[in-house]
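Protein sequence lines, in the order shown, are assigned to chains Y and U. Each residue of the first sequence is one higher than the one before, counting from 387 in the numbering used here. Each residue of the second sequence is one higher than the one before, counting from 795 in the numbering used here.
If you are wondering where the hints come from, they were derived from the structure by calculation, not from laboratory data. Treat each hint with caution, since some may be false.
As the list claims (entries may be wrong) - Here are the in silico distance ranges between beta carbons for each label pair: (1) T800/U with V683/Y: 44 to 52 Å; (2) G473/Y with A1038/U: 38 to 46 Å; (3) L676/Y with G801/U: 36 to 44 Å.
To be verified - Here are some, though not all, of the chain Y residues that point toward chain U, as calculated from beta-carbon distances under 10 Å: (4) Q397; (5) L413; (6) P532; (7) F534; (8) S545.
To be verified - Derived, one-sided and incomplete: chain U residues facing chain Y with beta-carbon distance under 7 Å: (9) D903; (10) S907; (11) V908; (12) L912; (13) I919; (14) F1003; (15) I1019; (16) L1026; (17) A1027; (18) W1030; (19) V1040; (20) V1041; (21) V1044.
We treat Cβ as the ideally placed atom computed from N, Cα and C, and that holds for glycine.
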Amino acid sequence: MARYLLRRTAQAAFVLWAAFTVAYVLLQLLPGDSILIKFQNPELGLSPRQIQEIRAYYGGDVSPLESYATTLLGFLRGGFGYSIDTGTPVVERLAEALPATAVLAGSGFLLAVLIAVVIAFAAGHSRTSWIRGALLAVPSLFVSVPVFWLGILLIQVFSFRLGLVPVIGGSALQQLVLPVLTLAVPIAAPIAQVLARSIDRVQAQAFVPVVAAKGASRWWILWRHVARNAALPALTVAGVTFGELIAGSVVTETVFGRNGIGRLTEQAVNAQDTPVMLAVVVLAAAVFVLVNFAVDVLFPVLDPRLRAVTG
Amino acid sequence: MNRPKTGLLVASLVLAVVALWALAPGLFTAHDPIAGVPAEKLQAPSARHLFGTDAVGRDLFARVVHGSVHSLSGAFVAVAVGLLLGTLLGLLAGSAGGPVDDAVMRFVDVLLSVPGLLLALTVIILLGPGTVNVAIAVGTGSVAAFARLARSEVVRVRRTDYVEAAFGSGGRYPVVLWRHVLPNSLGPVIALTALQFGMAILAISTLGFLGYGAEPPTPEWGLLIAEGRNYLATSWWLTTLPGAVVVAVVLAAGRISRSIGRSTA
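With the rest of the complex left out, here is chain U (with noise of 0.2 Å):
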């Protein structure tokens, strides 16, 4: 029972560090993200760089730090989108039943055929680019995921006896659904939102990363990658060590994901 805990410990402490990095990165680094000294350019990982230093002698901690806010935030508008409109249209889907359960589901079933990238990069060509739009066209693809969880809780919540009882005793619909459902669906929806936390920083990177996200020079993580791609035989710290962040953060989103799953089950 000891060792699941420090995962445990360990990716709080990850994602505790990662979110103090968005909000007050003066305190991890005194370096400016934008601003290099060309006399320090391409320096391997040192004492004075932690990450080294890139073409134009800018500190890569420094932009790591300061670019956790454009990940994070668009992390938090993506799994918004899909939360809010996902779980919606599995309320809309659970407790009305027959002809609008079935369309709407359909219709889910539909978003999950097309392949989240895909269906990001759709909406990206309806939106055009920039990180608000990448966010959105990020919590796209999560909102089938949402909506068939959020379904299956309510109709399963509903056949429950104290549900059955609330009705009985003359509650009103959406009072009942406010007050009894929602609360008790409420625990596997955390964990998906936990999990897809992580998934829409691996999937903003990734959109980022193809140059969709965020304009240079702006720090955002995936831009950091394609960045060190042009010097990939002589500097490995420019690309390895930003990615190394991003999968940290993603396999602690997915872990606390997982212990929050496991104790809601």
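The following block holds chain Y by itself, in its conformation from the complex (with noise of 0.2 Å):
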């Protein structure tokens, strides 16, 4: 087992350097430079030399790889380097913009599973056939609509039409109800694909009709036995659409207004903010790393079976 935690993590930490270093090279391969874009501007009256100063409190004035050397020993210190939009630390931006997105984000995921449980289940349980194609056509469904889209139908029906959600004002919660049920729709549709798949592969296994012999209701059977089963294909799924969900939130915090690291990675490309998209993308590499391993450790735990194999 520690050897396999070991192996995991290193792992873990080579994917979250190579992204930074993916990120970082394509950032770096801008054409302009951002710094002379912002600061040589003839109404800011600065002098070479001033523009030179500046240049080297960002970094800018050092060879491509110690740069790369100083920014990567940055990243491992937790300092991002500075915001060239605002000159503010890009790490007080992100604490800023962080505890909103992760508030829209928890709890559209929790909305995804459930969703995603209530469709794979009633699919599972239905012996309507027609009922049973409805509920599976639903993810295809989910996934082929543009999240964009999806928010702005809401607030048209929810706010615009039934006026059960105020467009401006109302309560936090409020205002949280419509973004988060728009993120999860796209979430929830592959875990609610793969949740139906698998549940279906466990009913034809053996051992159902001799629980149902023994006289188990099909509702028992489902929620006993096959639930805990087919829930492991369903968590890997859970555990690669989390990356998803800053995605997801870039879409609907700008539909939706709302603050967040959605919000500050569409003014970083407005911006040309490098250092900015690049905490970003590191950042959501990192959620989604961590994330997989949490899952990848978390699955011996959960299924026995599995314990030999990695121990």
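Join the two chains, each given in its own frame, into one complex according to the hints.
Right, dumping it as structure tokens:
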């Protein structure tokens, strides 16, 4: 087990480092010099020497390799450099934006799991073939809907038509409902798909008729026996969708005018603010890597059959 | 067996109609997509204006029809980028094996660990906004999926008897790859291509909505929805109908992908 953990940790660290490097190289390839673009503006009246000093402040006056090493060391120490757009430390901007997005993404994920479980179990329980077919078609519909359009549609129906959620103002909870729903729909789709397939597979196994012969009801079998065995593949997919939560928050926060990591990303793209973008990409990769690490480590805990293999 | 075929038929029909919109928009609408008639602004859908009109009196259906060429060609470029780069990487990894395989696939893992939209936005910071750049950015996001599939197919086909036989009878490596491995790996790759085509249309409309794609007054689908946002309270059709067209096209691409995947599996 210890060796497995060690190898898995090294692997996770490698992917993170590589994600940092790929993003860094991509963002450094920029033809324009974002510092020059911002400060060479004649209206600012800066002398070449002052611009040179600003470049040194942002670490733009050293060789590419040196600047890569400095940035990497900074990331390891938890310092992400300075935003070119606002001049403030990137850490501060991230810390400001993170809580709102964490609440949005966390609730979105929980709702997504709930939707997925309801769809998959209803489909697994249903004996009417057209209801089952319709339920199993829901995930493909969910992934085909543009997230931004869904958000707009929800605003239109719930705020303008029905007047259930105020467009402006309203409590924090009221403001959270529609964005969370918007974010949850595309995340729910892959989880529901895999869970439904997995439930089908488990239901075809020999122990199910045995339990039924002993007198268990269909719900009891589904809930107590099938669900436990069907949950693992869904857990893997749930881990993979975690990265999409941050991407989804870019669109959701833009549509609903909420502040957070998504908004920060959009501002960074518009201002060519490469340090902020780099930090966001690494943050997303870190969330993805950590969650999948946790899922992998949890697997043997949840499924005794896997303990012997990894131990 | 009858039901799935109806679904496939409808999906093919949807894609055929949208392809015709792109090729010959004049056949479907007589209205101008760019010049509006101010007197007819913000009209609800009617027989004269199927999808209604926008704030400057442009026919929305005409804009959706003329906009299809932007979404479709963008999706073609995106899928071409992903297919070409991804398949090359996958072929390389699958046929070289050993350390090359490891290195390429770890790189693919890294691409997979960054969400597609963030990767696309990073490429947009690099290349700047614009229709072609958005297409390339979206294509970058699908490289990983194509690479993984191509590699697994190559590894699978390489172990088959006929490929062993082709090598045994003196076939040179590139020739065997081209004549035997590639054609036999094509089915699942085509299924993924169809799926990615739909996903590319979705991603392009998203980036268009965020304002990184075509410039107004180009009738790009994502941009249409973004423009319609300002009239949410009064004119539901401006956002709802273009979005419904996007959903229909993406669903159709996914449906066709599934039936190709099933028939070649």
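For each hint, the structure was consulted:
Taken as a hint, the range 44 to 52 Å holds for the pair T800/U and V683/Y, whose Cβ atoms sit roughly 46 Å apart. One distance hint, 38 to 46 Å for the beta-carbon pair G473/Y and A1038/U, holds here, with the actual separation near 44 Å. Between L676/Y and G801/U the Cβ separation comes to about 40 Å, which falls inside the hinted range of 36 to 44 Å. Given hint, Q397/Y at the interface with chain U, holds; its Cβ is 9 Å from that chain's nearest Cβ, closer than 10 Å.
With a least beta-carbon distance of about 6 Å to chain U, the hint placing L413/Y at the interface is held under the 10 Å criterion. This hint holds: P532/Y has a C-beta 6 Å from the nearest C-beta of chain U, less than the 10 Å allowed. The beta carbon of F534/Y is positioned within 10 Å of a beta carbon in chain U (closest approach about 5 Å), and the interface hint is therefore held. A hinted interface residue such as S545/Y counts as satisfied when its beta carbon comes closer than 10 Å to some beta carbon of chain U; here the least separation is about 8 Å, so the hint holds.
Look at D903/U: its Cβ gets to within about 6 Å of chain Y, closer than 7 Å, so that hint holds up. At a threshold of 7 Å, the smallest CB-CB gap from S907/U to chain Y is about 5 Å, leaving the interface hint in force. For V908/U, the shortest C-beta to C-beta distance to chain Y is roughly 5 Å, which falls under 7 Å, so the interface hint holds. Hint status for L912/U: holds, given a least beta-carbon distance of 5 Å to chain Y, under 7 Å.
For I919/U, the suggested interface contact is upheld, since its CB lies about 6 Å from the closest CB of chain Y, less than 7 Å. For F1003/U, the shortest C-beta to C-beta distance to chain Y is roughly 5 Å, which falls under 7 Å, so the interface hint holds. Satisfaction of the interface hint for I1019/U is found here, the shortest Cβ-Cβ separation to chain Y being roughly 6 Å, below the 7 Å cut-off. Given hint, L1026/U at the interface with chain Y, holds; its Cβ is 6 Å from that chain's nearest Cβ, closer than 7 Å.
Checking A1027/U against chain Y: minimum C-beta separation of about 5 Å stays under 7 Å; hint holds. For the restraint placing W1030/U at the interface with chain Y, the shortest Cβ-Cβ distance is roughly 6 Å, inside the 7 Å limit, so the hint holds. At a threshold of 7 Å, the smallest CB-CB gap from V1040/U to chain Y is about 6 Å, leaving the interface hint in force. For V1041/U, the shortest C-beta to C-beta distance to chain Y is roughly 5 Å, which falls under 7 Å, so the interface hint holds.
At about 4 Å, the closest approach between the beta carbon of V1044/U and any beta carbon in chain Y falls short of 7 Å, and the interface hint on this residue holds.
Violated hints are absent here; each numbered hint is respected by the structure.
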